[in-house]
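Following the hints, position chain V against chain U.
Top line first, the protein sequences correspond to chains U and V. Each residue of the first sequence is one higher than the one before, counting from 1 in this note's numbering. Each residue of the second sequence is one higher than the one before, counting from 10001 in this note's numbering.
Don't read these hints as lab results, they were simulated from the structure. Please note: incorrect hints may appear among the correct ones.
[Stated by the list, open to error] Distance windows between CB atoms, simulated: (1) 10200(V) with 459(U): 50 to 60 Å; (2) 5(U) with 10098(V): 31 to 41 Å; (3) 23(U) with 10177(V): 57 to 67 Å; (4) 10108(V) with 68(U): 54 to 64 Å; (5) 10098(V) with 33(U): 30 to 40 Å; (6) 724(U) with 10229(V): 31 to 41 Å; (7) 10091(V) with 5(U): 37 to 47 Å; (8) 737(U) with 10232(V): 50 to 60 Å; (9) 10121(V) with 68(U): 38 to 48 Å; (10) 10183(V) with 5(U): 52 to 62 Å; (11) 417(U) with 10232(V): 57 to 67 Å; (12) 10200(V) with 74(U): 53 to 63 Å.
[To be verified] Simulated crosslink set (DSSO-like; lysine-lysine; CA at most 30 Å straight-line): (13) 10168(V) with 10070(V); (14) 744(U) with 10117(V); (15) 717(U) with 686(U); (16) 264(U) with 342(U); (17) 721(U) with 10117(V); (18) 336(U) with 10168(V); (19) 10255(V) with 9(U); (20) 255(U) with 299(U); (21) 264(U) with 209(U); (22) 737(U) with 10168(V); (23) 10117(V) with 16(U).
Idealized CB from N, CA, C, for every residue including glycine.
Residue-level listing of the chains:
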Amino acid sequence: MVQHMNPWKRFVEWWKSLPRLEDQPVPEEDPIISRSLSWPIAISSLLLTVTLLWAFYNEGWGLRPWVRYQNRFVELYRKHLQRIGPLRAEEERALHESEGYQKLQEQLKNAEAEIRNQLAAINAEEQMVRRQLDALTPVFTTERSRIQAVIYEIETASEEDRERLRKELEELRRGPFEVDLPVSASAAIKIEEKQFSFEEMEELFNELKAEQGRLQNRRIVLLRRPTEIRREMEAYLKARLDGLTTAQVHGLMAKMDQFRVEIKQIHNPEMNLVDRCESCHLGAREPVLVTTRDMEGMKVFTSHPKVELLTLHDPEVFGCSPCHNGNGAATVSTSKAHGNYKHWLWPLYKRENFEAGCLQCHEADRNLRMAPVLNAGKELFYNRGCWGCHAREGFDSETRELRDARKMVEDLAASRQNTEIVIERTVARADRAATNEEADRLYAQAESMTLSMAHMDTLSQRYRSRIDELLMEVKTQGPNLKEIRAKLRKEWIPVWVSNPHAFRPTTKMPRFRLQQDEIEAMTAFLWQNGINAPVPAQPPGNPSNGKQLFETRGCMACHAMGEGRDAVGGTFAANLSRVGEKVNYDYLVRWIHNPRERLYPYCPVHRRDITPQDYASKGLPFEFSLENNRCPLGDHSLQVQNRTVMPNLRLSWEEARDVASFLMTQRKADAFYPPAPFVDQQLLEKGRFLTRHYGCHGCHEIAGLEESDKNATDLTKEGSKPIERLDFALLTHEARKEDWYNHKGFFEHKLADPAVYDQGKIKQPLERLRMPNFNFNREQIDQLTTYLLGSVDSVIPEKFHYRPTGPPRDIQEGWWVVMKYNCDACHQFEPGQRTVLQDLPRYQDPDWRDQLPPSLIGEGARVNPEWLARFLKNPALSSTDLNRNGVRNYLQARMPTFNLSDGEVQKLVRFFEALSEQRSPYLPPPIPALDDGELALARQLFTHPAAPCLVCHATGDPERDKNSTAPNFLLVRERLKPDWTERWIVHPEIIRPGTAMPSGLFRWDGTRYVFALAELESFKGYTGDHAHLVVRYMFQLTPEEQRRLKAH
Amino acid sequence: MDWRQLWEIASAPDNIPIVALLFFVPFFFWYAFRQAFATDRLIRRLGGDPQLAKTHHRKIEPYREIWEPKLHVWPYLLRVEFLAALIMTVLLMVWSITLDAPLEEPANPNLTMNPAKAPWYFLGLQEMLVYFDPWIAGVVMPTLIILGLMAIPYADANPLGNGYYTFKQRKFAILSFCFGFLVLWLSMIFIGTFIRGPGWMWFWPGETWDHHRLVFEVNRNLNEILGIYSQPWVGLVGFVAVVIYFALFGWLIHKLVVWNDFNKKIYERMTLLQYLILQFFMLTMLALPVKIILRLLFRIKYVWVTPWFSI
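Isolated chain U, as found in the complex (with noise of 0.2 Å):
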């Protein structure tokens, strides 16, 4: 019955069923009165005491977790001391023993004995003045505080109110003031009671004083040469102890005992900077290094790793979070002062990236010092193409200058033409004036127009000549597409772009996400848009040589050979292992003799190449070079080069045939592509489209697309970006989940897979990201994450930004020209810096060391700057036989022909002066002229038989020259500096560790260098340094004298 009720009558029951209020027992008490509440409010009462102890527990320690660090701290740190202490001090009673130490404790003793005497007598007359004064300068301060206020009332009183004070002031300078003033009487010290007006008193009070500072001159006089020697004996012991003195340690126990736990607190309010990091980290700074270890695993306690980089940014200034990130004012827990939680935007850096926070202020800096992780990421971004679609500050940064050079040159020409039309409505106006005045005036302006026109062409001229400038810095990453007929092989192309990584796993160029119609619509449009011009045929040439010039020429500097772990070489170019398979042999030649020359020049005004047709319709050859690089259809320049950075090796045809035929065997034997016949205009049509679409034109010259913008996001605030404007799609979820949503995880998770936030996306073929795949490594991924973690909108004010002026800012300048131009890998800069052709197979042979090119270390000491500029110019010193080096002829190697422009070789030529702390500009200082006399003796010392210069030296008679294995004397007066050279025959050793000149030639006989390996007698009377004749000597060589000594 109960069941089929139904539930809302059903719930009335139950309701009703419910026990009434009114049904409960009624108790014969009155409840209100009756009942008690003393247990209710005893039992709230105990809670909110215990409330209460909890509140003041949380307020005093559990919100201050670093009092729990800095106890710990101290305790572990004083133990570490007295661990280190006794070892300190042992070491150094070890020094104290020894003999110069003891030597300058005698000093000392006898130092001190000297002056005991004197000493004492000051300090004992300097006790007595100090006596006087204590008892004279309460009376007479007190006084002359009464004093001065009697003298400001006089000052502000009214008239009448001023006699009446004056008089006042009188009786009270004068007194009497009664003085208990102690007096030296023989030996004893009497005190006398003495009485003075003010006057007297102030004399007294000054003399005191003056008497004073007299003794205290003295006595330091007195203690000038004790204190000279326990200087000394500091530097001593600082010099041979490894660390911390005794004293030190003592003092930084004495510092544990008086250590406040309290926040420790950087304050720079320029920066807005409060951190307070060091409450825990409190060994960071500590002048003992502190290894987890020493602090029984207590990792917060370790010093900072790179000490250096400390005294560099001084905390006090820069504090931690500025570089580190985290929330430096938290203190209530790690977590919160890591900013390791949702809505703090700056959490720590992890391990792997901590270098980004370099960038805050480093951005300018292309080779940091200390941040190879920052530096290697920033090459990245250079070598992979990232720039090729990404704007981002710092680089490319010469298209964005041609773009506005070209724009201020048209914007220049159209003034100029309205000027032109102004000033000649404006001299019309004036032969039409009035009066004559009138007619004056317009004349006066039209004049100052023409005034102003120069100007304009002046401007235009400087703009013209740096766009020509321009026109020769800007590169492009990938090769140019244009030449792409006469280069490669028809049906490589689909098989390379479908998957460059098949072909060549180390390839810069990445993998687009294409369909089969997409490759084939590109590879149409590649084709059928490139130059259809015939490239001169080329005999065979012999690969065995070249193979020989390839290793040896330099080529693997930048080129690697060899697949896989075998892969020999550099990385900055191509790794060429099949490179056989898919170039036109005949192009390769024309490419190895000169890969700047194109076969067609661009012109950016006509915005297309300018065919020999062109030339032909006004009449002038085909041909154009640096030199000669006018557009033949306007007066503009042209773009002669291609934009490679790959240099001209000045090699002959033949080498270079031969180099070419040794690059053709260079093949997978069962190398096979079907056929691609694509040519279909509806194709090329579509294959425009996609490779605009998927930014090829980026890194590579396409026709028609040479002026194309960047297709992707501007990257240089990426790592300051909202996070909520970084889309992780379909992911989101996923990675809060997996505590990856920020930017660390948003950046590794795209560089790893660009397609990864499509996933699970459904987006027309179009629509899908278009980011190509890198086949970066874990490595790789860490560097690119750091450089774009740290590139943010700097919280840093701009003045503690690296900007610097001057020889620093030389250096920041000249790593990039360096860096692009790949030059470290042949040439050492810096201490410690590898190269990549030292560490090549072949020149770990010592005979091969010999034929490393030259270490640059000191470059800017060396040589005589405009030499420099001249050598960087034009590396073989020539403008005939190219196919050589300049200096050094004896190396196989060769310095490429880099076609640098003139203001990257001033920013290079600058950077070796700061380098090597030049001072600019450089002053040749003049060289005395050597009288016959001082001729002989250097003729006879630079063709002695114990150091017969030119057997080593190349003189440049080619027979002699075979076994040369330094550069020739000829060249010394242009391109060294006269101190270097001189410092170096002196001392070879020193500047160049491992060079074959010998070293010990000359010798100091405690005024001069002289000549070491022999005691020559026609020398007897000369009292010259004969390091520095020599050096005069080779200064002064002429070409006769070289042949002259070379006939003996």
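Only chain V this time, still in chain U's reference frame:
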């Protein structure tokens, strides 16, 4: 079911009061009504027993002759209040120790948070913005709510039910409160907290708040549904609709006011001003659920569109 997210919302320090509300409101609702019903039964008994009614009966408690008819505030009331104060202080202190103020990241004017939510006690107002234009929902309605609350004592013509819990004697007032506060105000706060996700979209509890979620939802004004696009007809249509609403619901409210004999008696005690005030505020209050239904079920954005305000 996205438990993680549900927990995140429920455990957010901002939302503690609302979660507490979910338990406290039903409890006190039950507690008050138990008391009120007991009183009502007592009233009935007293009505049937005039002798008993003459005694000084303490409202709900059973009658004992020896009990004092009246008790002093001190100590009998104050000691209870003191106990309550103690417990409240303990609660607040524990709360403040264990839950920190929910401080978030620095404000960025270029990037507002999504969903951007008001403090919990204002979420009802914010939810109202879905149904009315900002001028109505943000200014007019809140003002009317405050004025209406202030007007209650003056519009109330019912002399009974002061100082004791009763339902029978104040049915109209209590049901109005239950509807206006418990149903409208609290449920809107609940919706604002638990239901409204990114883009202020409707997510059922446990549905993942997805920023990329797309829903098809086209809201149109009444005049657009009727195919009227030109003034003055647009304004006129809305005006007529509003008038119809006032007439229809005014009549319905009147029916409630004179529902039974007791109500009629109260109605007779009312002045015209009191009655009009009552009608006006009741109509305004009822406009909200009506608009919610129109908006959520019939996808009507505004009924009355004018250049100055929209309803």
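Here's how the hints hold up against the structure:
{"no.": "1", "hint": "10200(V) with 459(U): 50 to 60 Å", "result": "holds (57 Å)"}
{"no.": "2", "hint": "5(U) with 10098(V): 31 to 41 Å", "result": "violated (47 Å)"}
{"no.": "3", "hint": "23(U) with 10177(V): 57 to 67 Å", "result": "violated (28 Å)"}
{"no.": "4", "hint": "10108(V) with 68(U): 54 to 64 Å", "result": "violated (36 Å)"}
{"no.": "5", "hint": "10098(V) with 33(U): 30 to 40 Å", "result": "holds (39 Å)"}
{"no.": "6", "hint": "724(U) with 10229(V): 31 to 41 Å", "result": "holds (38 Å)"}
{"no.": "7", "hint": "10091(V) with 5(U): 37 to 47 Å", "result": "holds (43 Å)"}
{"no.": "8", "hint": "737(U) with 10232(V): 50 to 60 Å", "result": "holds (56 Å)"}
{"no.": "9", "hint": "10121(V) with 68(U): 38 to 48 Å", "result": "holds (39 Å)"}
{"no.": "10", "hint": "10183(V) with 5(U): 52 to 62 Å", "result": "violated (28 Å)"}
{"no.": "11", "hint": "417(U) with 10232(V): 57 to 67 Å", "result": "holds (59 Å)"}
{"no.": "12", "hint": "10200(V) with 74(U): 53 to 63 Å", "result": "holds (55 Å)"}
{"no.": "13", "hint": "10168(V) with 10070(V)", "result": "holds (25 Å)"}
{"no.": "14", "hint": "744(U) with 10117(V)", "result": "holds (28 Å)"}
{"no.": "15", "hint": "717(U) with 686(U)", "result": "violated (34 Å)"}
{"no.": "16", "hint": "264(U) with 342(U)", "result": "holds (26 Å)"}
{"no.": "17", "hint": "721(U) with 10117(V)", "result": "holds (23 Å)"}
{"no.": "18", "hint": "336(U) with 10168(V)", "result": "violated (57 Å)"}
{"no.": "19", "hint": "10255(V) with 9(U)", "result": "holds (27 Å)"}
{"no.": "20", "hint": "255(U) with 299(U)", "result": "holds (21 Å)"}
{"no.": "21", "hint": "264(U) with 209(U)", "result": "violated (42 Å)"}
{"no.": "22", "hint": "737(U) with 10168(V)", "result": "violated (54 Å)"}
{"no.": "23", "hint": "10117(V) with 16(U)", "result": "violated (43 Å)"}
Comparing the model with each numbered hint stated earlier shows that hints 2, 3, 4, 10, 15, 18, 21, 22, 23 do not hold.
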